[in-house]
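> Protein chains in written order, with UniProt numbering: chain A, 1 to 141; chain B, 1 to 141.
Possibly wrong hints are sitting among the right ones.
Which copy is meant is left open, so a pair is good if it fits within one copy or across any two.
Unchecked claim - Calculated lysine to any residue pairs in the SDA-like style (CA-CA distance at most 25 Å, straight line): (1) 140 / 20; (2) 82 / 8; (3) 17 / 125; (4) 82 / 126; (5) 17 / 137.
If you are wondering where the hints come from, they were derived from the structure by calculation, not from laboratory data.
Protein chains: 2
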Amino acid sequence: MQNENEVHNTTFPMGDKNTAYAKFFTGQSYLNGLVAPAKDVNVGVGNVTFEPGCRNNWHIHHDGYQILLVTAGQGIYQEWNKPARLLKPGDVVVTHDGVKHWHGAIQDSWFAHVAITAGNPEWLSPVSNDEYVKANAEVKE
Amino acid sequence: MQNENEVHNTTFPMGDKNTAYAKFFTGQSYLNGLVAPAKDVNVGVGNVTFEPGCRNNWHIHHDGYQILLVTAGQGIYQEWNKPARLLKPGDVVVTHDGVKHWHGAIQDSWFAHVAITAGNPEWLSPVSNDEYVKANAEVKE
């Protein structure tokens with residue numbers, strides 16, 4: 001499995017196993033909260049690390065958005081009815097209000113991103129094995 | 001001068017000389033815009049790099065805030081009437097609405113941070129040489 005050392009050595013600590021959101025993920029993720037939302041700060045910031053094969057469920061950010069700053073490894077970002085996109089360190093993703101999407105590691109690499117999140121998430125169904133295998137094939141073409 | 005290689009090799013490119021905001025800085029900075037604010041995205045995200053000795057003016061974020069994610073080198077963050085704070089990679093700073101502050105490199109090191117910014121900046125007077133030398137002395141104690 002690739003990039004395990006890389007995700008352990010980004011600028012921001014990897015944090016502990018992401019138990020709080022485990023029910024919305026397939027596989028093991030890790031979360032290190034960097035900034036909590038506050039009365040006058042409408043975003044939360046966290047460092048999220050995915051083991052190979054790990055991804056979150058399809059989800060939507062309502063009345064908000066999400067920005068991903070990719071820091072290590074290789075991953076996938078996919079919006080509903082769109083092609084999967086390969087993510088590498090330095091890539092930036094903006095998910096706009098109301099857009100159904102998922103993100104996670106590819107099958108054979110660890111993956112880490114800083115997530116800047118505003119609004120209320122709505123968690124939907126897991127990314128099925130068929131959807132995940134298809135997305136991995138797409139980003140390897 | 002320390003950490004020149006480090007600021008050139010963070011995950012996000014350093015970008016070009018920061019001409020757009022040069023009048024609000026003392027010394028040379030570099031800016032790489034990562035995310036522009038949009039109708040439904042109330043923050044901008046940019047990678048800011050400071051040459052040794054470079055700092056921005058005292059400023060305030062009105063109706064917003066700023067989050068700094070330090071990625072390389074060593075710098076200073078200071079709020080009005082508060083002690084200067086040394087910044088190193090992995091440090092996170094939240095500047096709340098209306099707080100007068102400045103940030104920049106220390107005298108003998110390059111410095112880089114990702115800045116997440118909401119609201120309207122009000123740019124005030126430069127950090128004087130006396131203020132800057134005093135802040136450097138404080139963070140070296």
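> Evaluate each hint against the coordinates.
Status of each hint after checking the structure:
1. 140 / 20: Neither: 32 Å inside a copy, 39 Å across copies.
2. 82 / 8: neither (31 Å within a copy, 34 Å between copies)
3. 17 / 125: within (21 Å within a copy, 46 Å between copies)
4. 82 / 126: Only inside one copy: residue 82 and residue 126 sit 17 Å apart there, 48 Å across copies, limit 25 Å.
5. 17 / 137: Neither: 28 Å inside a chain and 40 Å across chains, both beyond 25 Å.
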